[in-house]
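Enquirer: Sequence:
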Amino acid sequence: MNYKEQYEAWLNNEYFDEATREELMAIREDEEEIEDRFYRNLEFGTAGLRGKVGAGTNRMNKYIIRQATQGLADFIVAKGQEYMGRGVAIAYDVRHFSREFAKEAALVLAGNGIKAYLFEDIRPTPELSYTVRRLQAAGGIVVTASHNPREYNGYKVYWEEGAQILSDIAVAVEKNIESIKDFSKIKMIDEQTALKQGLLNILGQEIDDEYLGKVESLALRDDINKEIKLVYTPLNGTGNIPVRRVLKERGFKNVWVVPEQEKPDPDFSTVGYPNPEDTKAFAYAEKLGKSMDAEMVFATDPDCDRVACMVKGKNGDYVPLNGNQTGAILIEYILSSLREKGKLTGNGYIVKSIVTGDLGKAIAQSYGIETFETLTGFKNICGKVNEMEKKCDHPFLFGYEESIGYVAGTFVRDKDGVIASMLLCEAAAYYSFQGKSLLDVLEELYHTHGYHMEKLISLTLEGMEGQQRIGRMMKEYRKNFPMQMGDNDLMQYIDYEKGIRFDVVNQKETSGSIPVSDVLRYFFEDGSWYAVRPSGTEPKIKIYIYTKGRSREEAQKKITVFEKTIMGLLNDVE
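Residue numbers (the UniProt record's numbering): 1 to 574.
Some hints here could point you the wrong way.
Below, in silico cross-link-like pairs of lysine-lysine (BS3-like), each with a Cα-Cα straight-line distance of 25 Å or less [stated by the list, open to error]:
| # | residue 1 | residue 2 |
| --- | --- | --- |
| 1 | 52 | 542 |
| 2 | 62 | 187 |
| 3 | 314 | 226 |
| 4 | 175 | 187 |
| 5 | 79 | 181 |
| 6 | 229 | 263 |
| 7 | 62 | 196 |
| 8 | 540 | 52 |
| 9 | 540 | 479 |
| 10 | 280 | 263 |
Honestly, the hints are just simulated from the structure, not real lab data.
Bear in mind the structure is a predicted one, so any value in this text is a computation, not a measurement.
Start from the sequences, fold in the hints, and give me the full structure.
Expert: Next comes the structure, spelled out in structure tokens:
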């Protein structure tokens with residue numbers, strides 16, 4: 001069916017409730033809105049579902065949640081009674097309809113004879129990962145749109161190791177979802193029946209206590225300045241209680257929380273776009289930080305799987321650290337602390353994504369620690385940990401990506417804003433004890449390993465036309481890319497979609513051991529490189545530029561050359 005036929009089918013189907021049909025009637029004269037809501041089905045990929053809340057096939061609503069959960073249930077049922085009995089853990093964040101969507105998912109699972117473990121209230125996403133492992137559940141679901149604007153919600157699926165599903169499971173679940181043409185065939189029971197039959201189980205404080213105890217077990221030092229002044233904002237999300245509790249139990253005495261952003265708010269009224277990567281999200285935290293003379297202000301995103309910080313500079317203003325910089329500082333802090341305690345073994349390893357910078361890798365190498373690279377996303381980073389666990393007993397030390405996601409320890413298989421907040425505050429307190437800020441530490445790392453500069457450019461292209469243009473951009477760039485950036489020669493490139501690595505100098509193409517994804521990476525003679533990829537969760541094409549120089553100024557000049565050249569080519573694609 002085309003989008004108009006899909007619209008009419010929903011409008012006239014009595015399975016959908018009156019509120020849904022009224023919402024659809026209200027857009028009857030808006031052809032563009034109808035097209036956007038029905039031109040496709042919201043795609044279920046390895047990131048699950050994510051989209052604007054509303055009626056339609058290309059929107060997040062209870063019917064799409066039911067359909068997706070039935071697809072997952074069919075996959076679990078096919079694996080047999082053991083997986084059905086192990087069940088699925090479910091958590092949710094503060095967003096509009098998150099609680100309702102989570103309960104819908106639980107009752108569909110129960111309707112299929114699969115045990116569901118539903119948290120009593122909002123919880124950070126990483127706690128769900130822990131819970132899947134703790135309960136030895138078959139899988140997990142988190143209802144969240146992470147850092148997206150308030151109009152969005154999402155649905156992420158985890159498997160038994162506690163990591164997000166990879167493509168092998170995602171493809172099978174997606175096929176099941178696509179086979180569900182009649183929503184009325186979805187199996188579902190009511191809440192009281194599910195409770196009575198033991199198919200719906202409510203989770204609470206016991207899991208919280210265990211999870212937070214595990215987080216605190218990752219603490220590395222007590223020779224730290226516990227008087228350090230810190231300002232924290234959970235951006236009205238799920239981090240408020242767990243992050244504050246961990247810091248309090250670790251002995252931090254001066255932690256102030258932004259009052260306007262302390263409590264859950266699905267509208268994110270004071271911030272709009274609740275993404276800590278965007279320094280505008282720190283406006284309230286900076287103001288409070290200055291009034292309290294805080295050494296660092298930090299923020300977690302609404303589902304508390306990511307964290308970012310700003311550090312007080314010499315002039316009293318706050319300087320933001322990006323994900324690459326924060327990751328590098330944490331790697332230095334973790335590895336130096338482990339080595340000092342005699343706990344750093346040569347067979348340990350860290351994992352980063354292919355679009356994450358190389359400063360952390362250089363630091364790890366200086367400690368004799370190997371770095372593995374994976375495709376973007378913590379499903380791949382933690383997927384590598386799962387893979388290594390089956391092969392050997394080498395200790396996993398740290399995983400991170402440039403988009404402010406980090407994890408340590410092995411009890412969570414996803415990025416964890418609670419763990420990262422504790423380690424970040426601990427690092428700031430340790431270096432403060434030595435009379436240094438995190439900015440001083442970063443400068444020392446640059447001096448030792450070279451100035452690694454970076455810039456992320458995101459082009460937002462909404463709707464069907466935007467998606468098509470992004471596709472054309474990727475297609476054209478594969479055929480027409482620069483062989484030089486100034487006087488910097490291209491040495492090799494990798495096309496992950498085609499699975500090839502091309503040595504420009506020797507004109508030699510190789511393949512194999514390259515994971516498949518729509519990503520292009522280009523490497524230059526001075527160690528600089530860049531990548532181009534469409535976002536997997538947002539209507540964006542992203543350009544990651546990384547340069548290396550003997551000074552900050554040299555590396556920044558290269559950024560300017562790269563950006564002008566790359567964007568000139570991409571903007572020419574209509």
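Enquirer: All hints are to be evaluated individually against the structure, with a verdict given for each.
Expert: The hints, checked one at a time:
Proximity of residue 52 to residue 542 is assessed by CA-CA distance (about 21 Å); at most 25 Å being required, the pair is judged to hold. At most 25 Å may separate the alpha-carbon atoms for a hinted pair to count; residue 62 and residue 187 meet this at roughly 14 Å. For the suggested pair residue 314 and residue 226, the alpha carbons sit about 21 Å apart, so the restraint of at most 25 Å is met. For the proposed pair residue 175 and residue 187, the alpha carbon gap of about 17 Å is at most 25 Å, so the pair holds.
With a CA separation close to 23 Å, the supplied pair residue 79 and residue 181 stays within the 25 Å bound. Proposed proximity of residue 229 and residue 263 is supported: the alpha carbons are some 21 Å apart, at most 25 Å. Restraint check: the Cα-Cα separation between residue 62 and residue 196 comes to about 23 Å, which is no more than 25 Å; the hinted pair holds. For the hint pairing residue 540 with residue 52, the CA-to-CA distance comes to about 15 Å; that is within 25 Å, so the pair holds.
Our distance criterion of 25 Å between C-alpha atoms is met by residue 540 and residue 479, whose separation comes to about 20 Å. Proximity of residue 280 to residue 263 is assessed by CA-CA distance (about 19 Å); at most 25 Å being required, the pair is judged to hold.
In the structure shown, no violation is registered for any of the earlier numbered hints.
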